[in-house]
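Given chain S, put chain U in place with the hints provided.
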Amino acid sequence: MGGIVIVGAGQAGASLAAKLRTLGHDGAITMIGEEAAPPYQRPPLSKGYLLGEMELDRIYLRSSSYWQEQMVTLKLGAQVAAIDRTAKTVRVDAETIPYDQLALTTGSRPHRLPAAVGGDLRGVYTVRTLADIDAMAPEFEAGRKLLIVGGGYIGLEAAAVGAKLGLDVTLIEMAPRILHRVAAPETSDYFRKVHDDHGVKILENTGLDRLTGEARVSGAVLSDGSHIETDFVIVGVGITPATQLAEEAGLAIENGIRTDEFGRTSDPAVWAAGDCASFPHRDGRIRLESVGNAIDQAEVVAANMLGAGKAYQAKPWFWSDQFDVKLQIAGLNTGYDRIVTRPGEGDAVSFWYYRGYTLLALDAMNDARAYMIGKRLIEAGMSPDPAIIADPAADLKPLLRP
Amino acid sequence: MAKITYVEFGGNEHVVDVPNGLTVMEGARDNGIPGIEADCGGACACSTCHVYVDPAWVEKLPHRDAMEEDMLDFAYEPDPVRSRLTCRLKVSDALEGLKVFMPEKQI
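Quick mapping for you: the protein sequence lines, in order, are chains S and U. So the first sequence is numbered by the numbering used here: it starts at 1 and just counts up by one. So the second sequence is numbered by the numbering used here: it starts at 1 and just counts up by one.
Excised from the complex, chain S in its bound form:
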């Protein structure tokens, strides 16, 4: 018996291992992680942890004794060199570990700037791992200049932390607006204003020509030809699924490791979950980059590894914290053709994404109520009349009654 081997010790890997035990699996479980740290949460890295408001021991997903108690063998700081699907083994450093079933929860890697534009200068960071944050944290000193490349959620969260700590923050976004790829213009406008109010300088329609400096970054030439000075740079321009190992093992890849609705890859003994996995959704196939997906998909895969035969139904949800704004997102807005605005109390507002009369998603700012109702509606496949949504006096709770 080779037991279950999990490659990747992030949120998905940790959820998968924990679920296997919760479901009563008592065979061997080995979890292999590239990083030295035991499984930890990523979302606080660009928020509370970077701000210095959340200590390291609260970042870990479980206590140090938990994995031992659960008899999950952790191999940390370990690089998987190859998977041999014929022999059903995984090669880690000098060791060969046999498996009956293998789960790939390898996550994703941030895009980096090419060396040709200065991506290899010192003082240039990405936001992905605990080590990334620990390396950049000392740079966050009041009065210093921070340049952020990329106006997605990671870039904006880092900008918020920088501004809160008294740095002089400039954020550049190549697209016509921040959050261009992930949100409606209304949400972009909302966050542009929030950042503006806090002194973050946002330059849209502005790309990076190149970073300048000797060995260490000291400035940047922007696409409009202007030169700005900077003390350090954070690059938040997206991630790419970590599929190399799967690819080399000959597994099917399609914008991530291709799985069926049960989380099984093209090899019946190999499964995938989390950022790295692409799975069937509606008429197509998607890959989700979120904690919610990492947890839920990993838990379904754990059940299926034990024979449950349960199809994974994604219920996408995300959140972001910037300054005093909590953004909560439910659903996927792909293909929307109109936005319905629902004003909340005070500074609260929510934007509801519709395609025709079908509710697809919503972005709720400081409006947990709208978020919770919207999430329920979307999960139930219910689409309320946009006129009701737009009426701030209308109580939405009755909509949940079937």
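Keep in mind the hints are simulated off the structure, nothing from the lab. Idealized CB from N, CA, C, for every residue including glycine. It is possible that part of the hints are untrue.
Unchecked claim - Far from chain U, by Cβ distances over 12 Å, these chain S residues were calculated:
1) ALA18
2) ALA252
3) GLY309
As the list claims (entries may be wrong) - Reference excerpt, derived from the structure (chain U facing chain S, CB under 10 Å, subset only):
4) ASP30
5) CYS40
6) GLU104
7) ILE107
Chain U alone, transformed into the frame defined by chain S:
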């Protein structure tokens, strides 16, 4: 440090010591107590760390803020008096002996 009792929906009790400064949610998470999922890790962005506190404790705990109130309103079968999100409850000596009960499920 406070001794906290977590009671699963089926009645299974877990009594654990939770260090001051952590949340009641983190105490459950660190000890692998089933029934408190805490998907968002304590950001008050989901509602999967919902519990019912023991009636004797309702008045002793700090009050819910608007955010918690709203999130709880849509948790699974919330109780207007006893429901709390455990990520909002910071552990201190004052919580010694706290007892919380899990709902049937977290949604």
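Exercise. Against the structure shown, which of the earlier numbered hints fail to hold, in ascending order?
Worked result: 1 and 6
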